[in-house]
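Line by line, the protein sequences are chains A and B.
Numbers given in the numbering used here equal positions in the first sequence, counted from 1, plus 57.
Numbers given in the numbering used here equal positions in the second sequence, counted from 1, plus 71.
Calculated from the structure, these hints are not laboratory results.
It is possible that part of the hints are untrue.
Unchecked claim - With a Cα cut of at most 27 Å, we get these calculated BS3-like pairs of lysine-lysine: (1) A/Lys247 - A/Lys190; (2) A/Lys232 - B/Lys76; (3) A/Lys190 - A/Lys232; (4) B/Lys76 - A/Lys190; (5) A/Lys247 - A/Lys232; (6) B/Lys76 - A/Lys247; (7) A/Lys232 - A/Lys207.
Claimed, not checked - Just the calculated beta-carbon pair ranges, DEER-fashion: (8) A/Glu143 - B/Arg74: 34 to 42 Å; (9) A/Asp249 - B/Lys76: 39 to 47 Å; (10) B/Asp84 - A/Arg134: 34 to 42 Å; (11) A/Gly104 - B/Arg74: 18 to 26 Å; (12) A/Glu139 - B/Lys76: 25 to 33 Å; (13) A/Thr131 - B/Lys76: 31 to 39 Å; (14) B/Asp84 - A/Phe135: 35 to 43 Å; (15) B/Asp84 - A/Ala285: 16 to 24 Å; (16) B/Arg74 - A/Pro191: 28 to 36 Å; (17) A/Phe244 - B/Asp84: 19 to 27 Å; (18) A/Asp105 - B/Lys76: 41 to 49 Å; (19) B/Lys76 - A/Thr252: 23 to 31 Å.
A virtual CB, placed ideally from N, CA and C, is assigned to each residue, including glycine.
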Amino acid sequence: MGPRRTATGWVSMSSQLIPVLMCGGSGTRLWPVSRESMPKQFVPLVGDRSTFQQTLMRIADGAMFARPIVITNTDFRFIVAEQLREIGMEADIVLEPMRRDSGPAVAVAAVLAERRDPQAAVLVLAADHIVRKPEEFIAACHNAAAAVAKGHIVTFGIRPTAPATSYGYIRPGAKLNGAAALSVDAFVEKPDATTAARYVAEDYLWNSGNFMFRADVMLDEITRFEPAMAEAAARRRRAHAGSRLPAPRTRAVRARAEEVDRLCDHGAHQACRHR
Amino acid sequence: MERTKLAAIVEADMGWSDVEAGMPYGTIWSMMRPETRCPVRP
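Whenever a hint applies, use it, and build me the whole structure from the sequences.
As structure tokens, this is what we get:
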């Protein structure tokens with residue numbers, strides 16, 4: 058990733074962003090279109106490709122993005138492989154032994170990314186989102202990368218178009234020096250309609266659930282706030298590389314240590330490489 | 072609950088929506104290709 062123009066000037070990233078797609082969910086609220094055997098992220102709901110494929114195609118620029126890591130459920134491994142093949146892309150596929158929340162997936166993503174490059178920026182993306190302005194997504198990635206390079210854990214915020222009650226909100230804080238990012242004053246869960254209207258009036262942003270961090274920073278934060286989970290991740294790290302210990306916590310990082318261990322075991326021993 | 076002090080936010084005007092959470096099912100249905108629609112419109 059060469060020098061890029063951001064809202065605050067040119068930044069130089071020494072390496073590519075490592076995209077991590079999380080697509081292990083079953084999306085059964087959209088049943089029967091989305092169902093256990095074919096969740097919504099693999100269905101071409103809008104357009105000719107599934108949102109999983111559309112997400113991959115947004116990160117296809119090899120100058121900016123490294124080979125993606127796809128974290129999915131064992132049930133979907135063939136769908137993932139086939140849909141990758143359809144669009145001519147490759148990825149490292151990590152299979153969850155069972156469905157988990159995003160916390161263990163983030164921990165595994167950080168561990169795997171750190172193996173490639175401890176200071177690489179990791180871009181975690183949901184595979185079931187629609188992005189109608191891909192060029193703005195790329196611009197946001199550049200802006201986020203600038204803040205990530207300074208050690209921040211960045212989430213992508215969306216200006217609300219309505220007082221939605223189905224999204225979490227973020228109250229932005231002060232502008233961060235030298236980066237097109239704001240500090241986070243508060244994360245708030247899905248509000249009722251009255252509260253949502255107030256949030257919109259007070260310039261809160263929707264929390265898109267997509268975020269970016271440096272692998273070593275995230276692992277350090279996990280160590281600080283979720284030590285049991287970090288310990289499980291660290292076992293994998295020691296087993297497969299050097300032995301530095303990490304660090305944090307975002308709301309996403311919440312899971313029992315054994316869950317991480319199982320996921321890490323899978324990431325380490327059963328990550329399969331689709332070619 | 073203690074949280075990281077490193078959190079930051081970048082606003083992204085990228086035309087984003089979460090299919091499941093952000094749209095009424097009828098809206099999704101109307102956007103879908105006919106062959107992927109469920110038999111009964113909600």
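To see whether the hints hold, each was checked on the structure:
1. With a C-alpha separation of about 25 Å, the suggested pairing of A/Lys247 with A/Lys190 holds against the 27 Å cut-off.
2. About 14 Å separates the Cα atoms of A/Lys232 and B/Lys76, which keeps this hinted pair within 27 Å; it holds.
3. Taken as a hint, the A/Lys190 and A/Lys232 pair is honoured in the structure, with Cα atoms around 24 Å apart against an allowance of 27 Å.
4. Taken as a hint, the B/Lys76 and A/Lys190 pair is broken in the structure, with Cα atoms around 30 Å apart against an allowance of 27 Å.
5. As the CA atoms of A/Lys247 and A/Lys232 are separated by approximately 25 Å, the hinted pair is consistent with the 27 Å bound.
6. For the suggested pair B/Lys76 and A/Lys247, the alpha carbons sit about 22 Å apart, so the restraint of at most 27 Å is met.
7. Distance check on the hinted pair: A/Lys232 and A/Lys207 sit about 14 Å apart at the alpha-carbon level, within 27 Å; holds.
8. Range check, A/Glu143 to B/Arg74: Cβ separation about 40 Å, and the 34 to 42 Å hint holds.
9. Range check, A/Asp249 to B/Lys76: Cβ separation about 29 Å, and the 39 to 47 Å hint is violated.
10. Between B/Asp84 and A/Arg134 the CB atoms are about 35 Å apart, so this pair conforms to the stated range of 34 to 42 Å.
11. Distance hint for A/Gly104 and B/Arg74: a CB-CB separation of about 37 Å, inconsistent with the stated range 18 to 26 Å.
12. Between A/Glu139 and B/Lys76 the beta carbons are some 43 Å apart, a value that contradicts the proposed interval 25 to 33 Å.
13. The supplied range of 31 to 39 Å is met by A/Thr131 and B/Lys76, whose beta-carbon atoms lie about 37 Å from each other.
14. The beta-carbon spacing between B/Asp84 and A/Phe135, approximately 36 Å, falls within the hinted interval of 35 to 43 Å.
15. The given range of 16 to 24 Å is broken by B/Asp84 and A/Ala285, whose C-beta atoms sit roughly 39 Å from each other.
16. Between B/Arg74 and A/Pro191 the Cβ separation comes to about 31 Å, which falls inside the hinted range of 28 to 36 Å.
17. Roughly 21 Å separates the CB atoms of A/Phe244 and B/Asp84, a value that falls within the hinted 19 to 27 Å.
18. Taking the beta carbon of each, A/Asp105 and B/Lys76 are about 44 Å apart, inside 41 to 49 Å as hinted.
19. For B/Lys76 and A/Thr252, the Cβ-Cβ distance of about 26 Å falls inside the hinted range of 23 to 31 Å, so the restraint holds.
The earlier numbered hints that this structure contradicts are 4, 9, 11, 12 and 15.
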